[in-house]
Every structure is written in C-alpha cells, then in structure tokens.
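Given two chains presented individually in distinct reference frames, assemble the corresponding complex, making use of the accompanying hints.
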Amino acid sequence: MIALALPAQDSGTFTPPGIDEMHLPAILPWGAHEGFSKQMLLVILSVVIIATFFILAARKQQLVPGKLQFAGEMAYGFVRNSIAKDIIGGRDFIKYVPLLFSLFFFILVNNIYGAIPYIQLPSFSHVGGAYVLAAIVYVTWIGIGLKKNGLKYFKLATVPSGVPWYILPIVVPIEIISNFLVRPVTHSLRLFATMLAGHLIVMLAGSGIEFLVMQENVLLKGASVLVLVGAVAMYMLEALIMALQAYVFTLLTAIYIEGALHADSH
Amino acid sequence: MNQLIISAATEGEESVSPLTPNVWEMGVVLVGFAVLLFIVVKFVVPMFEKTFAERAEAIEGGIAKAEKAQAEASAALEEYKQQLTDARAEANRIREEARAEGAQILADLKAKAAAESARITEQAHAQIESERQAAVVALRSEVGTLATTLAGRIVGEALSDDERSARVVDRFLADLETQNAGAAK
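Line order of the protein sequences matches chains A and B. For the record, in the first sequence the residue sitting at position 255 is 255 according to the numbering used here, with numbers rising by one throughout. Count along the second sequence from 1, then add 1000; that gives the number in the numbering used here.
Check each hint, because a few of them may be wrong.
Unchecked claim - In silico lysine to aspartate or glutamate, EDC-like type, Cα no more than 20 Å apart, as pairs:
| id | chain 1 | residue 1 | chain 2 | residue 2 |
| --- | --- | --- | --- | --- |
| 1 | B | Lys1050 | A | Asp92 |
| 2 | B | Lys1112 | B | Glu1122 |
| 3 | A | Lys147 | A | Asp264 |
| 4 | A | Lys67 | B | Glu1054 |
| 5 | B | Lys1068 | B | Asp1086 |
| 6 | A | Lys152 | A | Glu175 |
| 7 | B | Lys1050 | B | Glu1067 |
| 8 | A | Lys60 | B | Glu1079 |
| 9 | B | Lys1042 | A | Glu73 |
| 10 | A | Lys95 | B | Glu1049 |
| 11 | B | Lys1042 | A | Asp92 |
| 12 | B | Lys1050 | A | Glu73 |
| 13 | A | Lys67 | B | Glu1049 |
| 14 | B | Lys1112 | B | Glu1101 |
| 15 | A | Lys60 | B | Glu1054 |
| 16 | A | Lys85 | A | Glu73 |
| 17 | A | Lys60 | B | Glu1049 |
| 18 | B | Lys1068 | B | Glu1078 |
| 19 | A | Lys221 | A | Glu210 |
Since the hints were derived computationally from the structure, they do not count as laboratory data.
Bound-form chain B, shown alone (with noise of 0.2 Å):
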C-alpha cells in the first residue's frame, strides 16, 4: 500500500518547485502563530515580567532596609557622640564654675577675715585709749593729793582746806597740760 501512495504522491507533484508554499499550510502556521503570540502576551510574558519585577523589588526592598538601618545606626552614633561631647562640656562648664565659686567664697573669707581683724584691733585700740583715761584720771587725783600732801609737810601748813586744794592742784594740772600741749606742737 505504502508503495501506492508514494507513487501517487510523487506523480502529484513531480513538477513542483520546492519554493512553492502550500497554502493550508501557510494559514496553520499563521493561525497557530497567531494564537501562540496571544498566549504569550496574554499570559506568559506578564507573568515572568511580574515575578522579575517582584523580585527585583525585593531585593531592592532589602538593599533599602538595610540602607534605612545603616542610616538609623549612624545617626544614633552621632547622637551618641553629640551628647558624650555636650557631657563633656557640661562637665567642664560645671568644673569651671565650681572653681570659680571656689575661688569667690576664699575670696569672701579673707575679707570676712580681713575685716573682723580690723575690727578686733579697732577694739583694742578704743580700750586702750578708754584705759588710757582711766589712768590718766586716776594719776591726776592721786597726784593732786600726793603733791598736796608733800606741799603741806614741806609748808607746814596743813592745807586742809580740801576745796581750795583742789582747785589749786586743777589749775597746776591745766597748766601743766597747757604747758604739755604746747612743748608737744
């Protein structure tokens, strides 16, 4: 049978050229074409585009991350260092300060100092001029009666007329002091 058909076949088409296209075949080729182009852009090639795509956002997701990761770590660090040197700062500042109270408050003390000194000696040198005046009070009636007394033995004469005698022994002592005051100019 098989031989029937080759030579049927072959008569049928002796003469033609191999460049010649079948038709019926040219349409199968265009339609199943045609129907595999549909496919494909129908459905094969957005599905690969969208897994690509998700893909290529993932990663770009997670170089993202990591990139907002290392930014968040570098800020903190800055924050860090900012407040380790704002403490520093502050430390200095409040070193600084405590100096300079320190140095006011021994400041204040040695005025405190300074003046209490002054007033003690101010003290002493009005009790000793109050002593002075005791003293002096107290020597010039004791003169007064001595030399009174010493007077009257050498007179002979007791002068015992207190009122007279003391007003004598006042008018010796001013002059005395008159006399005192001017050899002292």
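So here's chain A without its partners, still in its complex pose (with noise of 0.2 Å):
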C-alpha cells in the first residue's frame, strides 16, 4: 500500500522502501501511530487457527486417522519425533513437546503469513514477537539447567571438561558470552532479520516493478518483466525460509534444552 503509493510521489526518481515502511499505521484506532496493529490481529489470529485445526484433527482420536486426523498427526509426529525426540531423547523428551510444538506452528504460521497475498506481512518482521519467544526459551533452558544441576549448572556450562588449566581463562569467557549472552540475542534476531530482510524484498521488488511500470520508456517498462521474474523467484525463496526458520527457531530451542539437561555430559 505504502510502496504503492511513494513513486507516485515523485515519478522522475525511484525511492526505494526503507524500514520505516514496516511500520504500518495501527488498525484500531484506525491509521493511527501507536494502537493496535496488523501484527497484532495477526498473532491473535494465528492462535485461533492453530489451536482450531490442531483440536479438530485431534479430536475424533481415531485408530486409523480420516484425513484431517492424519494431516495433524503428521505435524504433530513432526515436531514430536524428528524435534524432540531426535535431539532431546530419553524418556523425558516428551514433557518439552508442548513447549516445541506450539513454538514451531505459532513461527511457522506467522511467517507464511508473509507469502499470503493481501495479508503478506510476516509477524515477526518486527522485532518484538522474536525477543518474547527468544526470551521464554532463553528463561526455560536455563531453568531446566538448574533444576537439574543445581548452581553447578553455570560451572557444567562455562567450563568445557578435559581443557587444560591454562587455556580456561581464555575459554571460560568465551563460554559465559557464546552461551548465555549471545545465545538469546542470535536466537532472536535470526527470526527477526529473516523476515524483515524477506518482506523487504518483496516490498522492493513490488515497488520497483510499479516505478518501471509508469516510465514512459518502453524499454524500461519492458524491465518491469525481469524484476516480476526475480520477484516470484524471490517469493519462493521467502516462503522456503518462512518454513525453514520456524524449523531452525525450534531446533534451537531443543538443543538448548538438550544441553541444559545433560550439561554434565558436555
């Protein structure tokens, strides 16, 4: 809408669409700067969806699935076999498939709101929503650490076993920034960087095919075809990462888990 509307402004240069046009005006109330946002009705609504399909695949809990049935257990055997069992294992894997499922389809659902035409805006395109669900994992890891190994859990943690005394001065600080301060903050920005980097991809091509479009110059016009071409090539491109960093987010998130819980073994 924005993109749309700047190179009307001013037809003889392109002004490319920057950060600021992340920020769309709030819904409620209507166009204003601050208030209730897109990406707010957005995450609300990716809850609704997620909990209405999963509670209705699950619901007939049937011996052999109908098709709905099938699709979530799919998805759910997804996150609970190769996520969770796969990196945590044991048998205790199973209390933190909760905390990993809701995490991948709340960040899947959210991004692939980037690749659906007229809602085309990923959720975490602001950094916000990234620092909260970075945050409740960065707090649940490091309270499984110590509710499994007490305050020895930051020694467990910083002091990598069978280094020689001489070089711990070296890697313990490496350890204590890689691992509990860097760790959120990577975590985070990843999802974060991803799908702004994303939309404004698409911003940009959007909105240079529109300048080229309006040029008097049947040549340039003739270009706008080679930025749609890049454009859809792009778009894909966005849609595999949407899915891939909702995949690599939860990933994570078990392997931070995975090596609070056996942090003696590390």
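Here's what the structure looks like:
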C-alpha cells in the first residue's frame, strides 16, 4: 500500500521503501501512530488458527485416522519425533513437546502470513515478538539446567571438561559470552532479520515493478518483467525461508534444552 | 488520505531503530503464545498422545494375541506329539505283553501235554503190569493142572487128591520162583 503510494509522489526518481515502511499505521484506532496494529491482529489470528486446526484434528482420536486427523498427526509427529525425540531423546522428551510444538507452529503460521497475498506481513518482521519467544526459551533452558544440576549448572555450562587449565581463562569468558549473552540475541535476531529482509525484498520488488511500469520509456517498461521474474523467485525462496526459520528456531530450542538437561556430559 | 497517514507515520518513526521493540506487540505475542501453549498442553498434546498410545496398544495387542495363538498352537502340537508317542509306547507295550502271554500259554500247554503223556504212559505201564500179573496167575494155575495131569499120566496113578497136588504144585512153583530169583540176581 505504501510501496504503491511512494513512487507516485515523484515519478522522476525511484525512492526504495525502507525500514520505516515496515511500521504500518494501527488498525484501531484507524491510522494512528500507536495502537492495535496489523501484527497484533495476525498474532491473535494465528493462535486461533493453530488451536482450531489441531483440536479439530485431534478430537476424533480414531485408531485409523481420517484425512484431517492424519494431517494433524503428521504435523504433530514431525515436531514430536523429528525434533523433540531425536534431539532431546530419552524418556523425558515428551515433557518438552508442548513447548516445541507451540513454538514451531506459532512461528510457522506467523511467518507464512508473509507469503499469503493481502496479508503479506510476517509477524516477526517486528522484533518484539522474536524477543519474547527467545526470552521464553532462554528462561526455559536456564531453568531446566538449574533444576537438573543446581547452581553447579553455571560451572558445567561455562567450564568445558578436558581443557588444559592454562586455556581456561580464555575459554571460560568465551563460553559465558556465547552461551548466556549471544545465544538469546542470535536466537531472536535470526528469526526477526530473515523475516524483515524477506519482507523488504518483496516490498522492494513490488515498488520497483510499479515504478518501471509507470515509466514512459518502453524498454524500461519491459524491464519490469525481469523484476517480476526475480520477484517471483525471491517469493519462492522467501516461502522456503519462512518454513525453515520456524524449524531452525524450534530445533535450536530443542538443542538448548538438551544441552541444559545433559550439561554434565558436554 | 493515505498519503497523509504515511507521512504522519513516517514522521513519527523516523528515528526508531528496527531493533527497538513495540511493548504492546511484545505483550500480544506473550499472551498469544501463552494461550496457545496452554491449549496445546491441556488439549492438543494429550489428545494426540492418547491416540498414539491407543494405536500402539492396538498394534501391540494384536501382536500379543497372535503370539498367544502361536503359543497355543505349538502347545497343542506338542501335546499331540506327546500323545502320539504315548500311544506308540502303549501299543509296543501291549504287543510285548501279548507276545509274553502267548509264550506263557505255549509253555503251559507244552507242560500240560507232557504231563498228560506221562500220565498216559504211567497208566499204560500199570495196565501192562496188572495184565502181566493176571497172566502170571492164570499161567500158574494152568501150568499146575497141566503138570499134575502130565505127572499122573506118567506115574499112572491118579493124583486125585486135589489138595495135596495143589500143595505140591505150589511148592514146585515156589522153588521155581526162588530159582528164578536166584538166577535173576
């Protein structure tokens, strides 16, 4: 919407859309600078979509599943077996399945929004949501580590075994920084940055096509086709990245939890 | 109108870094995720796990049932084999017994036959002896009479006194027997 409006202001020069265009005006009150935004609506919608789908799919509990139940079981089984069971393993992986399952589908649906026409806004192109999810995971795995190993957990997590004592002064600060400071930041920013970048690219391509089509020159008009082809390719790539980021975020969560559970053997 | 909104929006956020979060959005994501997690923990995961467990149980139950049937079948087979072996042993035993019994009966019959034949032989012997005795007695009286008659004719005198002649004959015969016995010894 904004992208379409901008080039029209001055058809002579191309003004690419920037970060600022990521912040749409609020829905309620309409057009206000602060308020109930499209992202918030989409986040709430995602909760409704996920809960409805899986409750409908799981409700019948038939031994021989129907199509909907089968789809639900496939999706649930993917997170349960391919992520939770494979990474965490053991007998207690089932305790962490709800968190991983919720994370995966919450992120997946909110990302896929970016690939759906008219919605076309991944919720995590705003950094707030990513911070919240990463913080939940951060608190969770530290909590698990403390519960499992007590205060000794911090020593286990920062002092690697089998390292000569004279290297420890270098290794320990690195471990502290990488495990307790950098980890949550990268965890959240990875999701946010990929979604923001993807959204920017799609937006940029859109406004570029718009700008080129508006030109008087026929060649420049024709060039818009090239941009369109590129934009479709980027759109496909973006759709892949949306699913991939949900998987990566959940997988990393599982790895962090596993690391906290088995801190004494790392 | 759009233009106005855009300019208003961009003006306000020009200085905002993309890394600065909107607190309200964070709140919505937090609450939304909490609600989702609650629903998942409370309903979705238990329902799926229950279905999975039931399915596993159904499959394992089927396997267990099949295994039980298999075990029963092999037990029955074992039993039949055992019965067959028993029956064979029984038959063998009966055959052996019959053979032994037959042999026993045969031996009994043989013994009986031998006894019978011995008895018959004995009887024959006894009869022969008595007949010989009878013949001896008959001969004795006959020989006495003949000798007396012969002697009377030779002597020319009738030895009518039977009593005396009988005494003579008896003495003669006793002498004869004594001689015979002496000769036999």
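### Query
Which hint numbers doesn't this structure obey?
When the structure is compared with the hints, numbers 5, 7, 8 turn out to be violated.
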